[in-house]
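Trainee: Place chain R on chain P using the hints.
There are 2 protein chains.
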Amino acid sequence: MIYINGNIENNRVEAEHFIDFIGKEVSLQGVIYKIREMSGFAFVLLQTKRHMVQCVWSEEFSLFPLSDLVCNMSVLLTAVVISEERSSTGCELRMKSIKKLSAPVEQTPIVINNRQVGVSLDILLQYRPITLRNERERAIFKIQEGLCSGFRKFFGENNFTEIHTPKIVYSGAEGGANIFKLDYFGKEAYLAQSPQFYKQMMVGVFERVFEIAPVFRAEKHHTARHINEYTSVDFEVGFIENYTEIMTYETKMLIETLDFLQAHYAYELNLLKVKIPTVNQIPAVDFEDAKCMLEKTYKRVSTDMEDFEPEEEKLLCDLIKKETGSEFVFVTRYKSSKRPFYAMETPGNSNVTESFDLLFRGLEITTGGQRIHDYDEQVEKMKNRGMNVDLFKSYLMAHQYGLPPHGGLGLGLERFTARLLDLPNVRQATLFPRDTERLEP
Amino acid sequence: MIYINGNIENNRVEAEHFIDFIGKEVSLQGVIYKIREMSGFAFVLLQTKRHMVQCVWSEEFSLFPLSDLVCNMSVLLTAVVISEERSSTGCELRMKSIKKLSAPVEQTPIVINNRQVGVSLDILLQYRPITLRNERERAIFKIQEGLCSGFRKFFGENNFTEIHTPKIVYSGAEGGANIFKLDYFGKEAYLAQSPQFYKQMMVGVFERVFEIAPVFRAEKHHTARHINEYTSVDFEVGFIENYTEIMTYETKMLIETLDFLQAHYAYELNLLKVKIPTVNQIPAVDFEDAKCMLEKTYKRVSTDMEDFEPEEEKLLCDLIKKETGSEFVFVTRYKSSKRPFYAMETPGNSNVTESFDLLFRGLEITTGGQRIHDYDEQVEKMKNRGMNVDLFKSYLMAHQYGLPPHGGLGLGLERFTARLLDLPNVRQATLFPRDTERLEP
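In order, the protein sequences belong to chains P and R. Once you know that position 405 of the first sequence is 424 in my numbering, the rest is easy, because the numbers rise by one and skip nothing. Once you know that position 83 of the second sequence is 102 in my numbering, the rest is easy, because the numbers rise by one and skip nothing.
Everything labelled a hint here was simulated from the structure, so no lab data went into it. Do not take every clue at face value.
Since the list can't tell identical chains apart, any single copy or any two copies may satisfy a pair.
Here are the simulated SDA-like pairs of lysine to any residue, each with C-alpha atoms no more than 20 Å apart in a straight line [stated by the list, open to error]:
1) LYS200 with ILE187
2) LYS412 with GLN126
3) LYS206 with GLU331
4) LYS357 with VAL398
5) LYS271 with TYR22
6) LYS118 with GLU264
7) LYS200 with ASP454
Isolated chain P, as found in the complex (with noise of 0.2 Å):
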């Protein structure tokens, strides 16, 4: 028997540390990246956890041959630190053994160690345990998990309670076509398409709730901005006044969360040149009134009176911006009809519903509203609707034996990286996107 102890400590170091050890020797690990060959010399790029380490060889301080490395090697570098100002990390390395530690079978069929990776999106995603290693591209990765530590900061600091809820369902949320099915020990089940009812319930229970999961759609839209699993940022809020309360949670939700990626993501910000938003208060516009105006500025005549055409979310950001200067913008009181059973009308008028969209530069990215909380009023409109309540039994029990007034919202994590970063296609911000087309990697 022997015994573990939880000290993970050895004598690497990190490239935020290296300032530390201007003119001493250090030992640090990572991949060769990069290869530059000159006259005698070499600049060699080390990729690390973070941060890309520039290095030099050079027969005068380098006890190896320039030929022993190769790209996409891994190795324990042992290097003196010198102070390089055009350097990122403030300092160069200046190699003077390595150790092995594995090496590739052979090299990238695609270049991946330049500015950008120069192949076709198809390409990128098809390579991409390999394209992901591209500097930039990882970048996008790192600024994602920015921005689920900045949603987490927010929902923490709220008392907002995070919780776990199944994927596989007995009943779709949204309802439709749009679900994948599958076959659970002979019964038929349902990948979820939101933890939408799991995160009402639970407003009975914690009163603020949050998850950050995967949620699945089978729509057969191929288009830049659908995914058939993509990763839902949902909260849901008890005892809310209206449904605008939910938009101002969003918005404050928001402010902090670029507040904190700029304070923690400077280096990958810097580095895919991202332009973040100023917010400070986001507006807030009537759907029907949104309609009016586009049409009234771009003379154009809409085919879909109960929704936005794509070109129309665009439109519309780009008016709003040129008229307030905000990238983010608020739709309101979307049409009953094009919202779900759950969603809360309009006192006195029941064509219109307390919810809301999020559009950020030409894209929906969230959607949102108060819920019916009353049991009677949810079973009068499910029936109006032709469903058949008893298969919500377990659903609507929470309403049945009191709800708070509730409401929420989900945000799609990739939707947001995608126009946060400016990337044309949603896969771009997708580790591994599944489209219609695409099952892998």
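Mentor: Positioned in the frame of chain P, the structure of chain R alone reads:
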């Protein structure tokens, strides 16, 4: 057009801050949990986000009749704060007036506001939306949240990157029959049994990665320790020297997470009288040695020399606790035949692997180990197992183009929660469990 700012302040006071309002009037929101009527006055428990607030209704100072209150009613309460040592919040609230926000249609068919919900596990789960409202039931999941927050804190401080990997996959990580199939736009797809392939690929990108997300196992076992969808805490670390490093990481993660829990979740830990294990170091015993120890101590002949029977896991934990005081024990070097194709074999002995399980209070909660990073070695092992290497092309891309030595683990969140809280059935630590019989709610 209106503007939404991020100001979510209102005049309501959270239970944690009552102590600053002694003698003053406060507004607060909550759900009537329990009413205990006395003569001329009544004790009323109000459930808030996290705390149970002790209130007193009295003819003397309450401006509404007691009959206005029913359990499971959501109210906005105005009350005067009185110091009261015997209350968990240090205060008692003299109810002045209430505003009814929503009310149940009827009272719950099960008594949910006693110390325990006194029903069978089946009924407890069937009525989950309301049984979770029980103070002790919900505390289980508040502690589970604390575990996740503690893990994430550890990951953040140790430079891990959070990833979101797909749950609809083209191939099972472990293979075998225990996998859910679904129709994916005419192709056969599966639900991920673990993020194994993806986290290994991502070691080549971020060096250290983690994910806390659902995984799916179509196992037909219907036992107290099996559920078919669970939350897996996964991490993977590059540049390790051997698999004991992964155990070191886990030990540190557990020490820090249990400390975090005690610092931030004392309220729930006290409520459930949780005995937090003390961990400084964790004993590790070779699988073969463990089998011998069991044979010697308990004079028991094992029928399965390649794995533990559940009873053996319990006996081993008892034995280790008696001998070392530790409630955790690592078992190392499991047989190759019992480990997946990516498990690294022990140099010089291909019958055993550089792997481990972590047992805690009689139950396996973690499986981990070092993985094969060398492409040729991996391909050879797959061929020896009769696997079709072509099906794993995109996974093997990571190895082919260079992958650092690495290893990692998966920890079952619900199992860990259950053992930590001494809950006999893992379903009790699962918000909405999925098992062979249960798909709803």
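Trainee: Does each hint hold? Answer for all of them.
Mentor: Status of the hints after comparison with the structure:
1. LYS200 with ILE187: Both, since 9 Å and 12 Å are each at most 20 Å.
2. LYS412 with GLN126: between (58 Å within a copy, 16 Å between copies)
3. LYS206 with GLU331: Neither: 42 Å inside a chain and 34 Å across chains, both beyond 20 Å.
4. LYS357 with VAL398: So LYS357 and VAL398 pass the 20 Å test inside one copy only (19 Å; across, 52 Å).
5. LYS271 with TYR22: This pair counts as between: shortest inter-copy Cα distance 13 Å, intra-copy 47 Å.
6. LYS118 with GLU264: between (58 Å within a copy, 19 Å between copies)
7. LYS200 with ASP454: both (16 Å within a copy, 17 Å between copies)
Consistency with the previously given hints fails for number 3 only.
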